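Using the sequences and the accompanying hints, generate a full structural model.
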Amino acid sequence: MLLKAKCLGSLLIWESDERSHQSNALADGGISFLVDCIVSLKPVEIESTIRKALVVWKMRGSDHDKRLRQYEITSHGIEVSSPFSDYEGLLTGSPRRSMTEDAANNWAMAFAKNKQEHS
Amino acid sequence: MGQVGQTSGTVPPHWKPNLIVAIPLPLVIISVVVFNIILPPPAQFSKGLAFEPPFLNAILYTVFLAFTSFMVGYISFKSYMQNSWTFLVLMGSGAIAWGSTSLLSGWLTNLPSGPNAAITISNTGALVASIFHLVSATWSKGPSLKKDPRIRRSILVLAYGSVLAITALLTVAALDGLTPLFFVPGVGQTTLRMAVLGSAAALFLVSSILFARRYFSSRSRSSTLYWYVLALGLTGVGLAAVFFGRAPGDPISWTGRTAMFLGGAYFLKAVHTAFKGIGVY
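So the protein sequences, as listed, match chains A and B. First residue of the first sequence: 7, per the working numbering; consecutive thereafter. First residue of the second sequence: 136, per the working numbering; consecutive thereafter.
Just so you know, these hints were derived from the structure itself, not from any lab. Treat the numbers as computed from the prediction; the structure is a model and nothing was measured. Treat the hints with care, as some may be off.
List time: in silico SDA-like cross-link candidates among lysine to any residue, alpha-carbon distance up to 20 Å [said to hold, decoys possible]:
1. B/K411 / A/S104
2. B/K411 / A/D108
3. B/K411 / A/P101
Next comes the structure, spelled out in structure tokens:
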């Protein structure tokens with residue numbers, strides 16, 4: 007509060023326990039109400055590849071984006087890209103394709119795989 | 136698309152095609168042949184033999200043709216967004232054309248001005264849908280995964296939007312009497328209707344045969360494709376049956392409609408198998 011009153015921004019880094027697979031381990035520390043914004047960074051495994059995920063849990067006074075997005079750290083800085091809209095359960099450590107996305111994939115495979123066999 | 140290669144060469148042990156569900160296809164053909172022999176020609180046809188209660192057609196068309204087609208359009212939309220196969224846009228557009236024109240024609244059947252507008256919309260929609268399905272069945276170009284998701288969405292919105300816009304224009308034109316006559320009460324169908332409906336039925340059947348060829352030539356047979364082949368076949372046979380009808384609501388019309396409604400149910404079953412993942416690979 008003191009830093010905020012002096013118009014200074016403060017950044018607190020909290021390393022959560024990966025083993026717990028908690029959706030929001032920060033809440034366990036009991037300090038989430040003190041901060042204005044909570045951004046969680048988490049590696050997730052999708053199709054045997056580790057991808058970096060980012061989600062904004064809280065941004066006081068803002069209707070922020072609630073989607074889990076992929077990000078990359080490049081030479082130009084952090085690049086936030088498209089949300090993981092095809093997957094569910096990423097934060098629990100057991101990601102799976104959403105039912106609709108699975109069905110959409112099955113639909114394409116039913117017609118397309120044979121196309122590929124012929125070509 | 137790496138998953139495609141991983142799965143080829145495996146035969147599903149848990150799924151076998153159910154031949155009973157294919158029986159309606161020859162059954163409809165036999166029924167139409169029998170009715171065509173026993174029913175009097177259009178000039179001598181008694182209206183008492185026709186059954187066309189208000190709203191029944193509308194409800195059946197909405198449930199079995201429009202809803203099921205929109206489901207195919209929806210899953211094709213999601214599938215194209217994910218896989219970027221162009222044939223999915225064509226398939227989805229065909230489904231949207233069939234669904235939207237069926238919906239409108241179903242509700243416009245009992246207009247005071249007669250059934251011509253509804254028949255015009257329905258038959259033209261069937262022809263457009265069958266062309267889309269035929270092109271989809273013959274499309275051999277692979278996916279372009281480099282396409283940005285926003286571009287894919289724009290392509291789909293443009294394709295589906297164009298189909299819906301054309302349907303709307305066709306409806307307005309048919310209601311205002313700006314389209315050529317398809318059906319004249321007391322006289323019967325015009326040559327134009329015979330050409331449009333005949334072409335639509337033939338193209339649906341050819342699409343069904345093309346997809347069936349793909350189904351049989353594959354070692355890993357898909358239940359989704361199986362149901363889709365039957366759905367297209369029943370739609371084609373249903374349209375062909377209507378072709379021989381004496382008047383809207385006669386036994387031949389209802390045989391054709393029943394085949395189309397069953398085709399709609401099979402379209403839905405194809406979507407269901409994709410959701411369940413039954414026999415997909």
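Pair hint B/K411 and A/P101, alpha-carbon separation not exceeding 20 Å: The given pair, whose Cα atoms are some 18 Å apart, holds under the 20 Å limit.
Hinted pair B/K411 and A/S104, Cα distance within 20 Å: 12 Å, holds
Straight-line alpha-carbon gap B/K411 to A/D108, limit 20 Å: 9 Å, holds
In summary, the structure agrees with every hint in the numbered list given earlier.
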